[in-house]
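Q: Residues per chain are reported as follows:
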Amino acid sequence: MRRRNEFKEMNENIYSEVTVEMKGITKTFTGVVANYKVDFKAEAGKIHAVLGENGAGKTTLMNILYGIYQPDEGEIFVKGRRVKLKSPRDAINLGIGMVHQHFMLIPPHSVAENIVLGLKGSSFFYPAEKIKKKLLEISSKYGLEINPDAKVWQLSVGEQQRVEILKTLFRGSDILILDEPTSVLTPPETKNLFKTLKKMADEGKTIIFITHKLEEVMNVSDEVTVLREGKVVFTSETSKTNKKELAKEMVGREILFNSELGNGKFVKDRVSLEVEKISVLNDKGLLALKNVSFTVSEGEILGVAGVAGNGQKELVEAITGLRKVLKGKIKILGKDLTNKSPREIHGIGVSHIPEERVKTGIVPNLSVMENVVLRDYYHPPFSNGFFLNWKFIRAYTQNLVDQYRILTPNLNTPVKLLSGGNIQRIILAREISRHPKLIIASHPTYGLDIAATEHIHKLLREQKGKGAAVLLVSEDLDEIMSLSDRVIVLFRGEIIGEFKASEAKIEEIGLMMAGVKG
Amino acid sequence: MKIKIEKTSFPSKTKSLTVTLFSVITALLTAAAIFQFYGVNPLSAYEKILYGAFGTPYAWSETIVKTIPLLLCSIGLGVAFKAVIWNIGAEGQLLIGAITATCVALNFPNLPSISLLPLMFISGFIGGAVWGLIPGFLKAEFEADEIITTLMLNYIAENLLKYLVYGPWKGSEEWGFPYTNKFSVSAQLPRIPNTRIHYPTLLIGLILTVLLYILMTKTKLGYEIRVVGESREASKYAGINFKKIILIVMIISGGLAGLAGVGEVAGIHHRLKVGISPGYGYTAIIIAWLGKLNPLGILIASVLFGGLMVGGDMIQVSLGLPFSVINMFNGLILFFVVSGEFLMRYKIKIKR
Numbered sequence: 069m070r071r072r073n074e075f076k077e078m079n080e081n082i083y084s085e086v087t088v089e090m091k092g093i094t095k096t097f098t099g100v101v102a103n104y105k106v107d108f109k110a111e112a113g114k115i116h117a118v119l120g121e122n123g124a125g126k127t128t129l130m131n132i133l134y135g136i137y138q139p140d141e142g143e144i145f146v147k148g149r150r151v152k153l154k155s156p157r158d159a160i161n162l163g164i165g166m167v168h169q170h171f172m173l174i175p176p177h178s179v180a181e182n183i184v185l186g187l188k189g190s191s192f193f194y195p196a197e198k199i200k201k202k203l204l205e206i207s208s209k210y211g212l213e214i215n216p217d218a219k220v221w222q223l224s225v226g227e228q229q230r231v232e233i234l235k236t237l238f239r240g241s242d243i244l245i246l247d248e249p250t251s252v253l254t255p256p257e258t259k260n261l262f263k264t265l266k267k268m269a270d271e272g273k274t275i276i277f278i279t280h281k282l283e284e285v286m287n288v289s290d291e292v293t294v295l296r297e298g299k300v301v302f303t304s305e306t307s308k309t310n311k312k313e314l315a316k317e318m319v320g321r322e323i324l325f326n327s328e329l330g331n332g333k334f335v336k337d338r339v340s341l342e343v344e345k346i347s348v349l350n351d352k353g354l355l356a357l358k359n360v361s362f363t364v365s366e367g368e369i370l371g372v373a374g375v376a377g378n379g380q381k382e383l384v385e386a387i388t389g390l391r392k393v394l395k396g397k398i399k400i401l402g403k404d405l406t407n408k409s410p411r412e413i414h415g416i417g418v419s420h421i422p423e424e425r426v427k428t429g430i431v432p433n434l435s436v437m438e439n440v441v442l443r444d445y446y447h448p449p450f451s452n453g454f455f456l457n458w459k460f461i462r463a464y465t466q467n468l469v470d471q472y473r474i475l476t477p478n479l480n481t482p483v484k485l486l487s488g489g490n491i492q493r494i495i496l497a498r499e500i501s502r503h504p505k506l507i508i509a510s511h512p513t514y515g516l517d518i519a520a521t522e523h524i525h526k527l528l529r530e531q532k533g534k535g536a537a538v539l540l541v542s543e544d545l546d547e548i549m550s551l552s553d554r555v556i557v558l559f560r561g562e563i564i565g566e567f568k569a570s571e572a573k574i575e576e577i578g579l580m581m582a583g584v585k586g
Numbered sequence: 049m050k051i052k053i054e055k056t057s058f059p060s061k062t063k064s065l066t067v068t069l070f071s072v073i074t075a076l077l078t079a080a081a082i083f084q085f086y087g088v089n090p091l092s093a094y095e096k097i098l099y100g101a102f103g104t105p106y107a108w109s110e111t112i113v114k115t116i117p118l119l120l121c122s123i124g125l126g127v128a129f130k131a132v133i134w135n136i137g138a139e140g141q142l143l144i145g146a147i148t149a150t151c152v153a154l155n156f157p158n159l160p161s162i163s164l165l166p167l168m169f170i171s172g173f174i175g176g177a178v179w180g181l182i183p184g185f186l187k188a189e190f191e192a193d194e195i196i197t198t199l200m201l202n203y204i205a206e207n208l209l210k211y212l213v214y215g216p217w218k219g220s221e222e223w224g225f226p227y228t229n230k231f232s233v234s235a236q237l238p239r240i241p242n243t244r245i246h247y248p249t250l251l252i253g254l255i256l257t258v259l260l261y262i263l264m265t266k267t268k269l270g271y272e273i274r275v276v277g278e279s280r281e282a283s284k285y286a287g288i289n290f291k292k293i294i295l296i297v298m299i300i301s302g303g304l305a306g307l308a309g310v311g312e313v314a315g316i317h318h319r320l321k322v323g324i325s326p327g328y329g330y331t332a333i334i335i336a337w338l339g340k341l342n343p344l345g346i347l348i349a350s351v352l353f354g355g356l357m358v359g360g361d362m363i364q365v366s367l368g369l370p371f372s373v374i375n376m377f378n379g380l381i382l383f384f385v386v387s388g389e390f391l392m393r394y395k396i397k398i399k400r
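So the sequence lines, in the order shown, correspond to chains A and B. Each number in this note's numbering corresponds to the 1-based position in the first sequence with 68 added. Each number in this note's numbering corresponds to the 1-based position in the second sequence with 48 added.
Keep in mind that the hints were calculated from the coordinates and are not lab data. There could be a bad hint or two in this list.
[Stated by the list, open to error] If the Cβ cut is set under 10 Å, some of the chain A residues that face chain B in the computed set are:
1. Thr388
2. Pro422
3. Leu434
[Said to hold, decoys possible] Using 27 Å as the maximum straight-line C-alpha spacing, the simulated BS3-like pairs for lysine-lysine come out as follows:
4. B:Lys292 / A:Lys427
5. B:Lys284 / A:Lys408
6. B:Lys284 / A:Lys403
7. A:Lys408 / B:Lys291
8. B:Lys284 / A:Lys399
9. B:Lys266 / A:Lys427
10. B:Lys130 / B:Lys340
11. A:Lys281 / A:Lys109
12. A:Lys459 / B:Lys61
13. B:Lys268 / A:Lys427
14. B:Lys268 / A:Lys408
15. A:Lys345 / B:Lys284
16. B:Lys284 / A:Lys395
17. A:Lys105 / A:Lys299
18. B:Lys130 / B:Lys291
19. A:Lys312 / A:Lys105
20. A:Lys392 / A:Lys505
21. B:Lys266 / B:Lys61
22. A:Lys484 / B:Lys61
23. A:Lys219 / A:Lys352
24. A:Lys154 / B:Lys63
25. A:Lys392 / B:Lys292
26. A:Lys281 / A:Lys427
27. A:Lys198 / A:Lys188
28. B:Lys284 / A:Lys459
29. A:Lys427 / B:Lys284
30. A:Lys316 / A:Lys299
Every residue, glycine too, gets a C-beta built ideally from N, C-alpha and C.
Use the sequences and the hints to build the structure in full.
A: Rendered as structure tokens:
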């Protein structure tokens, strides 16, 4: 009881007090300015949104606050004291927690083991066992359901993020930084997360979240700071601004929203992809898809909605030849291509924008040129069967770099040095430039900023216009609703509902994603 | 004072080279301390090693003799390591190459050199390649860890060789020594006069160095090997058959080690016996790393290590140091090169 009173007292003391203040932060990476004289403030009990495009420097700024990078110039004050954050450990000791966009989990270890790792005062023997009870308490308190014994590699992206959020909650951080936290969540999950965040803010915690989604800024934040090209261009109380203004500040020009664009038409009778009663196993050897059937026609975009881990990944892999089909048939352009090799399927005109773009879609250490030809290097004119034709490849790459506005220092730059948006542009350039008949796009805009998202949506619409069939897997319902002609909802490996996009209601689909049949 | 480790953005080529150089110098300094401990003046020890390795025409010729097998083994390993296949079995692959070449030499002693020697090289390549294919196949089909399997096959090769020279192949003219009979003249490689340099093998090594460089940078196969090494996931997505790549890479690295074995029996010993390799296959692992898996780098590193082996022999005799001092040397260099790799990706800041 005494503790609680103490907490309350402390709570009142720090309430509406500035807990984080960064002054004149400048950070450069080998010549590139990531942050320039950035001033940033966050108060206890409030949710502060940091809005900006990819490469605007939001993550860098937060990584500085979390002690991962040291600023070249500038001062940081936490809870009124000037601090030097030499490592995340210093930040953690000050009560700062961070949920990264790219998860920092150890895949072969269990959820509990990941959470106990690096935890102060954890037991020497069976540390993971000892924390399970508390872990379950916290996870049910905040509605972040998780099995503590599951191995992280078996979890979906969405579930992995839950573990990351739990990790910081577990450490009792009172300043919480979240980097694009909602990218993988469904609307109900996002709602829950926001509830959690608001609850934490009410408890007097300082919440900072990085995002590029205007909707979220408007819905959940109290304050907003907009970064563009490493500088703060706008700060306001959220209630005193609006979406349009924020978008303009963020991109530096007017933006057309998806809802302002119409859906195109498609030829219904020419079926490009026909999936007939397929069953597929997941990595754990369990049935991930059960008797799934659907078709996609020429010029049609079929959206696949669903929470991560309901069979989307396995569906995409089965169609593209990366995973074995147990039962059933996959016909593409009238040909039976069940269990054919990825190369054969790609060769017939199927493009694949993979879910994990850095892990699957590119080879991070290889150059832009080498990545552009990743799927086509083996045939003429890229190769004569033995030698690669570097001269042709260079010219071809230069052409794509110009056409798809890929920002890269040069064609020999390893792609791991490029931003997420530019990496995705390379993948799209490679996959779309071959005039595909069928495009399998898996989370094509996950984690990307508005400008890149807009560009990618435009490209997908163009391809649809040219008669390509598109299978769009995404957890961003807005994206699915605005691009698709038809939507199917996957739940536990089965199609639980099918809609025409024009007739569907977002709430209804949201419920179906949670398993409630319409 | 506080020491902290921070990730650096990315290592440049110059930095990478400087770090490697620094690593080698640090290894030399550490070894110097050990010489001192033995009561040997490190400066004079290094002088003797250098002199013994490169000081006279004879020293040079002996250094090149050692360079030949080191080069062949390490350029092959360089390809395997690029594909992230940890072939630790060059030693065994070398021995099997020597055994298969010996088999040909002993069975067809009367063939003319012009056909017998190529036949020995081919059989040596095949022998080494098969010895590499066994772990390659186990990895491709059953995901057996190649570090373990290649290492274990070294011991099998070693004992197979012992069995042969003590048993069925024991020479009738060798006074009971564990040697095979001496090869017929047509099975002996020509040498540069007054040296032990069997130049055909040296030429093969140099040509293969160039060919592998072209293979890795200019060809489809080299591209596939690099993609498989960088990302297994992406290679599947690209439609590369990585099982095939594993097998090809093991054929190349095993076969090249096999050629090194042929050179040793046909060029140096003119018979098969125990101890034809003082660990060339193991030293080659260090060379491949020191050479940054780059054929030119590997060539330079091979000469350096060849010299180190010869110079090591020298101080063993003149300073009365055990030969294991040279093994310690090799170990120190690998240790510091690997540490250098770490330092390249992270920087250590010392703050007061």
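Q: Is lysine 219 of chain A close enough to lysine 352 of chain A, meaning Cα to Cα at most 27 Å?
A: Given that 27 Å is the threshold and the Cα spacing comes to 11 Å, the pair holds.
Q: Starting from lysine 284 of chain B, check that the Cα of lysine 459 of chain A is at most 27 Å away, please.
A: holds (26 Å)
Q: Given the proposed pairing of lysine 266 of chain B with lysine 61 of chain B, does the C-alpha separation stay at or below 27 Å?
A: holds (20 Å)
Q: With the threshold set at 27 Å, check whether the alpha-carbon distance from lysine 292 of chain B to lysine 427 of chain A stays at or below it.
A: With a Cα-Cα distance of about 21 Å, the restraint between lysine 292 of chain B and lysine 427 of chain A holds, given a limit of 27 Å.
Q: For the pair we were handed, lysine 281 of chain A and lysine 427 of chain A, check the Cα-Cα distance against 27 Å.
A: holds (25 Å)
Q: Hold the hint about proline 422 of chain A up to the distance rule: shortest CB distance to chain B must be less than 10 Å.
A: Cβ of proline 422 of chain A sits 6 Å from chain B, so the hint holds.
Q: Under the criterion that the straight-line Cα-Cα distance not exceed 27 Å, is the pair lysine 316 of chain A, lysine 299 of chain A satisfied?
A: holds (15 Å)
Q: Please verify whether lysine 281 of chain A and lysine 109 of chain A have alpha carbons no more than 27 Å apart.
A: holds (21 Å)
Q: Using 10 Å as the Cβ threshold, decide whether leucine 434 of chain A counts as touching chain B.
A: holds (6 Å)
Q: Next pair to validate is lysine 345 of chain A with lysine 284 of chain B; report whether the Cα-Cα distance is within 27 Å.
A: holds (25 Å)
Q: Given the hint that lysine 266 of chain B pairs with lysine 427 of chain A, does the C-alpha gap stay at or below 27 Å?
A: Since the Cα atoms of lysine 266 of chain B and lysine 427 of chain A sit roughly 25 Å apart, the hinted pair holds (cutoff 27 Å).
Q: For the pair supplied as a hint, lysine 312 of chain A and lysine 105 of chain A, confirm whether the alpha-carbon distance does not exceed 27 Å.
A: holds (26 Å)
In this structure, none of the earlier numbered hints is contradicted; all agree with it.
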